[in-house]
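S.K.: Given the coordinates of chain A, work out where chain B should sit on it, guided by the hints.
Sequences listed follow chains A and B, in order.
Start counting the first sequence at 5; every next residue gets the next number (this note's numbering).
Start counting the second sequence at 3; every next residue gets the next number (this note's numbering).
Think of the hints as simulated: they come from the structure by calculation, not from any bench.
The reader is advised that the hints may include incorrect statements.
Stated by the list, open to error - Straight-line C-alpha distance at most 27 Å; calculated BS3-like pairs for lysine-lysine:
| id | chain 1 | residue 1 | chain 2 | residue 2 |
| --- | --- | --- | --- | --- |
| 1 | B | Lys72 | B | Lys38 |
| 2 | A | Lys18 | B | Lys59 |
| 3 | A | Lys108 | B | Lys59 |
| 4 | B | Lys38 | A | Lys13 |
| 5 | A | Lys108 | B | Lys58 |
| 6 | B | Lys53 | A | Lys108 |
| 7 | A | Lys108 | B | Lys72 |
| 8 | B | Lys53 | B | Lys102 |
| 9 | B | Lys38 | B | Lys102 |
| 10 | A | Lys18 | B | Lys102 |
What the hints assert, rightly or not - What follows is a set of in silico ranges between Cβ atoms, one per label pair, in the way DEER data are often shown:
| id | chain 1 | residue 1 | chain 2 | residue 2 | range |
| --- | --- | --- | --- | --- | --- |
| 11 | B | Arg62 | A | Ser113 | 23 to 29 Å |
| 12 | B | Glu19 | A | Met23 | 40 to 46 Å |
| 13 | A | Gln26 | B | Gly43 | 16 to 22 Å |
To be verified - Residues from chain B that keep clear of chain A, each with C-beta distances beyond 10 Å, as calculated:
| id | residue |
| --- | --- |
| 14 | Gln35 |
| 15 | Pro45 |
| 16 | Gln50 |
| 17 | Ala70 |
Here a beta-carbon is modelled for each residue, glycine too, at the ideal position from N, C-alpha and C.
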Amino acid sequence: NAGVTQTPKFQVLKTGQSMTLQCAQDMNHEYMSWYRQDPGMGLRLIHYSVGAGITDQGEVPNGYNVSRSTTEDFPLRLLSAAPSQTSVYFCASRRVPGTDYNEKLFFGSGTQLSVL
Amino acid sequence: GQQVMQIPQYQHVQEGEDFTTYCNSSTTLSNIQWYKQRPGGHPVFLIQLVKSGEVKKQKRLTFQFGEAKKNSSLHITATQTTDVGTYFCAVHLRAGNNRKLIWGLGTSLAVNP
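The shape of chain A in the complex, shown without the other chains:
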């Protein structure tokens, strides 16, 4: 299993450009999420999904869109990039826990995004 795969690893955008960060997992996880990580701010949830066709907002959703058409894929779209979106982005997935309460999150390797 490849686990959680994120592409690209690095990206530089100009203000106003749009792009899509890709995330795919091969573990048949129902739950997928996007985080951004900024110095001193920890990990902040952008959007999440508990299954195909279901998405919801996290802590910092503005400026980002997501969709979940399949269990495997959860792309993150920046509609009009702004310098404030310069950050490291992580995709993470897990299965919906059963009686073992196992909620272990698996993270992708991250995308470093710079918006000029």
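M.R.: Using the frame of chain A, we list chain B on its own:
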């Protein structure tokens, strides 16, 4: 505001010294998770604690969950350079009908060889 306090923010030790990071909440927690992120890497799950007073060990790492389920600690015995990184705690807190995973800001550990 920050619902999960993690201290210290930074810790610099000599190789061989012990290290402890603490995670504190004002509310009772259903469970707590610990992750490690190496410099330039991604968070990697270490452990989840569920039971009051639970203590779990992974080689030189000891994890504790407080009796009141409001705090937790991660202790590393005899640190090595491979322990360098940022250690995060993460807790599930109820927000209305939903549960949210709230992250501490992390403790960055530096180890002098």
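S.K.: Would you mind marking each hint as holding or not holding in the structure?
M.R.: So, going through the hints one by one against the coordinates:
{"no.": "1", "hint": "B:Lys72 / B:Lys38", "verdict": "21 Å, holds"}
{"no.": "2", "hint": "A:Lys18 / B:Lys59", "verdict": "48 Å, violated"}
{"no.": "3", "hint": "A:Lys108 / B:Lys59", "verdict": "17 Å, holds"}
{"no.": "4", "hint": "B:Lys38 / A:Lys13", "verdict": "20 Å, holds"}
{"no.": "5", "hint": "A:Lys108 / B:Lys58", "verdict": "16 Å, holds"}
{"no.": "6", "hint": "B:Lys53 / A:Lys108", "verdict": "16 Å, holds"}
{"no.": "7", "hint": "A:Lys108 / B:Lys72", "verdict": "20 Å, holds"}
{"no.": "8", "hint": "B:Lys53 / B:Lys102", "verdict": "19 Å, holds"}
{"no.": "9", "hint": "B:Lys38 / B:Lys102", "verdict": "20 Å, holds"}
{"no.": "10", "hint": "A:Lys18 / B:Lys102", "verdict": "33 Å, violated"}
{"no.": "11", "hint": "B:Arg62 / A:Ser113: 23 to 29 Å", "verdict": "26 Å, holds"}
{"no.": "12", "hint": "B:Glu19 / A:Met23: 40 to 46 Å", "verdict": "45 Å, holds"}
{"no.": "13", "hint": "A:Gln26 / B:Gly43: 16 to 22 Å", "verdict": "19 Å, holds"}
{"no.": "14", "hint": "Gln35", "verdict": "7 Å, violated"}
{"no.": "15", "hint": "Pro45", "verdict": "5 Å, violated"}
{"no.": "16", "hint": "Gln50", "verdict": "7 Å, violated"}
{"no.": "17", "hint": "Ala70", "verdict": "19 Å, holds"}
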